[in-house]
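Residue numbers (this note's numbering), protein chains in the order written: chain A, 1 to 250; chain B, 1001 to 1250; chain C, 2001 to 2248; chain D, 3001 to 3254; chain E, 4001 to 4254.
Calculated from the structure, these hints are not laboratory results.
Please read all numbers here as calculations on a predicted model, not as lab measurements.
Be careful, since some hints might not be right.
[To be verified] Computed footprint of chain A on chain B; a stretch qualifies when at least three of its residues, placed anywhere within it, have a C-beta under 8 Å from a C-beta of chain A:
id: 1; stretch: 1058 to 1069
id: 2; stretch: 1084 to 1094
id: 3; stretch: 1177 to 1189
id: 4; stretch: 1200 to 1214
[Unchecked claim] Pulled from the structure, derived: some chain D residues nowhere near chain A, Cβ distances all over 12 Å:
id: 5; residue: Val3004
id: 6; residue: Ala3191
id: 7; residue: Arg3236
[What the hints assert, rightly or not] Taking CB as the label site, the calculated pair distances span:
id: 8; chain 1: B; residue 1: Ala1197; chain 2: C; residue 2: Lys2082; range: 27 to 37 Å
id: 9; chain 1: C; residue 1: Asp2237; chain 2: A; residue 2: Leu13; range: 46 to 56 Å
id: 10; chain 1: A; residue 1: Val31; chain 2: E; residue 2: Asn4018; range: 45 to 55 Å
Even for Gly, the Cβ is constructed at its ideal location relative to N, Cα and C.
Each chain, letter by letter, is given below.
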Amino acid sequence: MHFDWPYFWHQLLEPDGAFIQGLWLTILISVGGQVIGLVIGLPMALARRSASVFLMWPARFYIFLMRGTPLLVQIVFIYTGLAAAGILRFHDFIAGPFTISGNVQAGILALGLNEGAYMAEIFRAGIDAVDRGQTEAAKSLGMVPGQILRFVVLPQALRIILLPIGNQFNIMLKNSTLVSVIGVSEMLLVTETINSATFRTFELYSVLALYFLVLTSIWGGVMRYVEWRMDRGAARGDTAVIGTLQGEHI
Amino acid sequence: MHFDWPYFWHQLLEPDGAFIQGLWLTILISVGGQVIGLVIGLPMALARRSASVFLMWPARFYIFLMRGTPLLVQIVFIYTGLAAAGILRFHDFIAGPFTISGNVQAGILALGLNEGAYMAEIFRAGIDAVDRGQTEAAKSLGMVPGQILRFVVLPQALRIILLPIGNQFNIMLKNSTLVSVIGVSEMLLVTETINSATFRTFELYSVLALYFLVLTSIWGGVMRYVEWRMDRGAARGDTAVIGTLQGEHI
Amino acid sequence: QAALPPAMMKSKTIRYCSAINLPPMEFMSPQTKPEGVDIDLGDALAKSLGLNAVYINMPFAGLIPALLADHCDAIISQLFIKKSRLQVIDEIPYMFSHEAVLLKPGAPKVPDLEALSGKKVATVTGTTATVLLDKANVALKAAGKTPIDIVAFPENTQALQQLQFGQVAAYGVAYETARYYVHKVPGQFAMGGPPYFKIATGIGLRKNETALNQALSASLATMMKNGTYATIFKKWDLGIDMLKPAGG
Amino acid sequence: MADVLVQAERVEKFFGPNKILDGVSFTVTRGETVVLIGSSGSGKTTLLRCINHLEKIEAGRITVNGFLIGYRDRRGVLIEDRERNIARQRRDVGMVFQRFNLFANLSALDNIILAPMRVRGENRAVATERAMRLLARVGLAEKARNFPASLSGGQQQRVAIARALAMEPAVMLFDEPTSALDPEMVGEVLAVMRGLAQDGMTMMIVTHEMGFARQVADRIIVMDQGRIVEDGPPERLFNAPTHPKTRTLLAVRH
Amino acid sequence: MADVLVQAERVEKFFGPNKILDGVSFTVTRGETVVLIGSSGSGKTTLLRCINHLEKIEAGRITVNGFLIGYRDRRGVLIEDRERNIARQRRDVGMVFQRFNLFANLSALDNIILAPMRVRGENRAVATERAMRLLARVGLAEKARNFPASLSGGQQQRVAIARALAMEPAVMLFDEPTSALDPEMVGEVLAVMRGLAQDGMTMMIVTHEMGFARQVADRIIVMDQGRIVEDGPPERLFNAPTHPKTRTLLAVRH
Ligand SMILES: Nc1ncnc2c1ncn2[C@@H]1O[C@H](COP(=O)(O)OP(=O)(O)OP(=O)(O)O)[C@@H](O)[C@H]1O
Ligand SMILES: Nc1ncnc2c1ncn2[C@@H]1O[C@H](COP(=O)(O)OP(=O)(O)OP(=O)(O)O)[C@@H](O)[C@H]1O
Ligand SMILES: [Mg+2]
Ligand SMILES: [Mg+2]
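Bound conformation, chain A alone (with noise of 0.2 Å):
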């Protein structure tokens, strides 16, 4: 087995202007497809704990379609199949120095869609985990459920799913580089297209793997910190129910 080196460690220490990008665009993606899941994951979770079979119903089917379904399936679906069917066409959006390009936000979008539906589980869980006392004390306060929700319930599930979510946004990172097959250069695609003028393919992946390693590493070092500081504050008394809900992912 011939292994280049010199060529592996100028890659990885100083690697192309693309591959930057692509570093880039890869911690872009993840964190706006993050966002959106979590925009989308809460109201989802409230619908589908909802008495109401027209908020309920809707919910139950988009988290059963997207748990349901692969995401690459899901990506070409939203960026190309949409497209086909002239239900939603991408644009670049242009915001002063900045262009999101089109399959960008394809990409973004069917991330977040897809995330979504297992940030609605995981807040559900989240929300049921809470006490039921809890509830009960506030409406025998004369809250209403809104209150309840944002001043009693939400604060404690926020607790209990912290960890979760952070799985859940490490499994996002690595799902980030689906998107490369609707021509987004983030890192796996500027690999591949490096590769195919070099042809230095396990030297190139060798360096792909690596920065991922690094990623998800330091990613898995911010959540450690998160769940000592709350343990430290579980010991200190300013908290209550903590890591019930440790798995549930995609």
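Following the hints, position chains B, C, D and E with the ligands against chain A.
Frame of chain A, contents of chains B, C, D and E with the ligands only:
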């Protein structure tokens, strides 16, 4: 928007032979990957729990690597990267009338190696969830570790992890689409191929999504049945700990 | 007949890597059988060597890595003969190709690539169009103009459809493919101008595969002489791409 | 009649096929302390929760301060009221739970001022001022900044009482307020409740503390299988119970 | 000396920095029933677990039937034995746990025959025959096919005793075998143990059932803070305890 209903119904109800072959390949790859994942997962879980650093650290590293990098990258790396470096080349495997081509092997292997890391964590959690008292009782009767594992701990752990494994297989079904990038003609690639001739993108991807919904729903039904059987078993009293570990995925 | 590599003698099969997505060169029939110029040629070459041909479909950017990884014996996928490629593989020339820019009907024609300044242009990852567009961008930047926004897709259908849906303004692709779509889907696409960038195109082989190289070269020569070659190019109406006119 | 604060008339409540409250009627007049006793499952908790409309009722009517609870009377037919109106009615009824139910995400002080600020729209200064007075009254002025998890059970329950009082309810409902407490903390909570009774607060109390009941109750209501089987002043019930249930309940725990 | 079955010599055991057993020495001769008492945390459980090598010891030595437990003596230095040898030694020592620890995945019968078949290599028929005899002895012949989850605590503990007996151990260790049981089930388990004592089984029993201890014990060992503070026949300890600990332990629970 124009939706070609006749074409949609035709593809849905009387799909091309190629599509049906893609469906079988999707199932073959998913099952193959899952089997490899299970076969790898158990020893890895045992190694990860081992007191020996020569077992523990490699297992930890393997799990870290597989969970820290995107599956898509792993697939390309295993099929193209390893071969490019001359480490591992995939050749067609011919068994009588059946041929399993190199890229299918690589796809199954990549999915399986990735799955193995998640399986290892599930097995580990399952084994840890079996009450320590069970092991001590077995020790006190003179049983050696291998016997304890085989006759006491594993049978109980398996009941605990049946559902998490089932969830993983659902993810596997969806992740199998990723091997399309190395030219495995599973359902997604067949759909793309048909699309490249007919350009009925929206209709074709709708059909594809429906096929996946059916696959994952059938599997969901199987899991609910297993869950119901286990609950009934628990009610009859032929098992103890069930349902601890319900989350923990990709 | 020249000796073939032992593995190939044994399996009686030649494995071609191909991005079966670029009509009329190679594409899947509705029954998902490969067809096209390259497929006809590949089949004919295999037949003359007494072999079966199998085609392994993969993204264009993965072709050379796959060949190097020994996932196939040859690439037949309208692979242009370029210096950078000849550093890692050998190529047996068998035709000429051209590049083209595909547009929506009614869009202003493009005399050269620089005319695409500021536009969003689709390509397929790893193809020569990408390289040419990159070069044009260097020139544009030097001239102080807005560069072209290149969006590289892993495969042709994706790229083409984005033009169809107006999500990109143009598609940089081989002339042969562009022409195919202009005729195949009337009213959807238009040529941006005459073909440009004539380039020899070859069958890709690993370096040092001398036996296979000689066997294929000899078979190709025979086919050019006996008219098989010309028949194929006539069938697909690509006479302008022939290496040597029949009988000439 | 102006002095009737809580009135229940032939209240019926089902859980599934089970009749949990079976024609319950009683009145509580202003300033009265009423103790509810009954064996486990007799429906005491359910009855208190109905007064707050934490549970719906299937028949009968409950009024607090003259207002129908949880329902609107539309030409003799009761239809369930809107969430917002029910919330408004609940302000008049303070409730103290067996398991305290302090808001885990808020300090003792914030637990007390949340509803006055959000429900009654008081400003923080006013709400805090009253909250500190109430905390002092339950003997926890110095614990204002503590979170529930760092308070003992007895302290949590006293904060919970202060929280309910902060809404200035017309009547306070207590559901076994001391039964989740370690024995040494029971006294501190009962002392607070005794103080409330002396100050003339109207209260309905479910408790197993018979000594306390005898001391503070103006009336004792005895429940059995969803019915009220006896209702009278403690002296009579302790000395001359008419129903066998009363006899066993008071005898065992006396 | 041939009759010494269990011998501990100056055993020391640490958990982290804490000395849990502090120079414990005693002997148990064949057929003896020894009861261990001591307040919570005094090291009774730990001592039993050391006899089984479920815990390592840091100093001293323990022998059962003349064989060193858990260690090999290499020219005076004790080095820990191999897992396989330790497993072999454990066959001689039966253990009954506070929380029963029946194998949840196996029926009562399979719980009993598992070790005889897998460890001693008996065939199923022989193992089953003995198991049924033992089940009859503990009064559970008709529960052979039941899984642990469908047995009461007392029944589970009796199956656990049968399971330990099936390996025909030289000595049986009981760690508070009745303390996880509802009061009405304590009797049935003690009856089985009393039977074993009468049949001459060598036993070491940790228990808080002082009446039972007085009745069956040949000797009582009193532990306090990891030491043996008194060791003698029950009559003397009950009537003339020398150590203050013994006095409080026997007085309180007598
Ligand atoms: N949410 C519910 N769903 C179904 N049945 C219920 C529910 N809550 C209470 N019950 C039933 O209603 C009956 C009365 O319950 P309730 O809690 O009011 O009794 P209680 O007098 O407060 O008893 P305790 O002294 O044990 O608290 C019981 O039989 C109980 O099982
Ligand atoms: N695994 C362990 N790790 C650390 N300390 C332990 C462990 N097991 C027991 N200990 C400590 O060792 C001491 C003796 O414990 P042990 O369980 O032997 O007491 P005991 O006499 O059986 O008490 P009890 O009557 O409560 O069962 C206690 O202080 C206990 O906290
Ligand atoms: Mg109650
Ligand atoms: Mg103990």
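Legend entry - 8 Å C-beta test of the stretch 1177 to 1189 of chain B against chain A, three or more residues: Check passed, 5 qualifying residues.
Inset, instruction - Go check the stretch 1200 to 1214 of chain B versus chain A for me, would you? Three or more residues, Cβ under 8 Å, otherwise it fails. - result: holds (count 9)
Inset, instruction - With respect to the beta-carbon atoms only, verify the hint that Val31(A) and Asn4018(E) lie 45 to 55 Å apart. - result: Check passed, 49 Å falls within 45 to 55 Å.
Inset, instruction - Quick one: see if chain A covers the stretch 1084 to 1094 of chain B, three-plus residues with Cβ-Cβ under 8 Å. - result: holds (count 4)
Legend entry - Per-stretch coverage check for the stretch 1058 to 1069 of chain B, three Cβ contacts closer than 8 Å to chain A: holds (count 5)
Legend entry - Given as non-interface: Arg3236(D), which should sit over 12 Å from chain A by C-beta: Consistent with the label, Arg3236(D) stays out of reach of chain A, its closest Cβ about 32 Å off (over 12 Å).
Inset, instruction - Take the C-beta atom of Ala1197(B) and the C-beta atom of Lys2082(C), compute their distance, and say whether it sits inside 27 to 37 Å. - result: holds (29 Å)
Inset, instruction - With 12 Å as the threshold, tell me whether Val3004(D) passes as away from chain A on beta-carbon distances. - result: holds (22 Å)
Inset, instruction - Compute the least Cβ-Cβ separation between Ala3191(D) and chain A, then decide whether it is above 12 Å. - result: holds (22 Å)
Inset, instruction - Hint says 46 to 56 Å; check whether the CB-CB distance for Asp2237(C) and Leu13(A) agrees. - result: This hint holds: roughly 52 Å between Cβ atoms.
When held up to the earlier numbered hints, the structure conflicts with none and fits them all.
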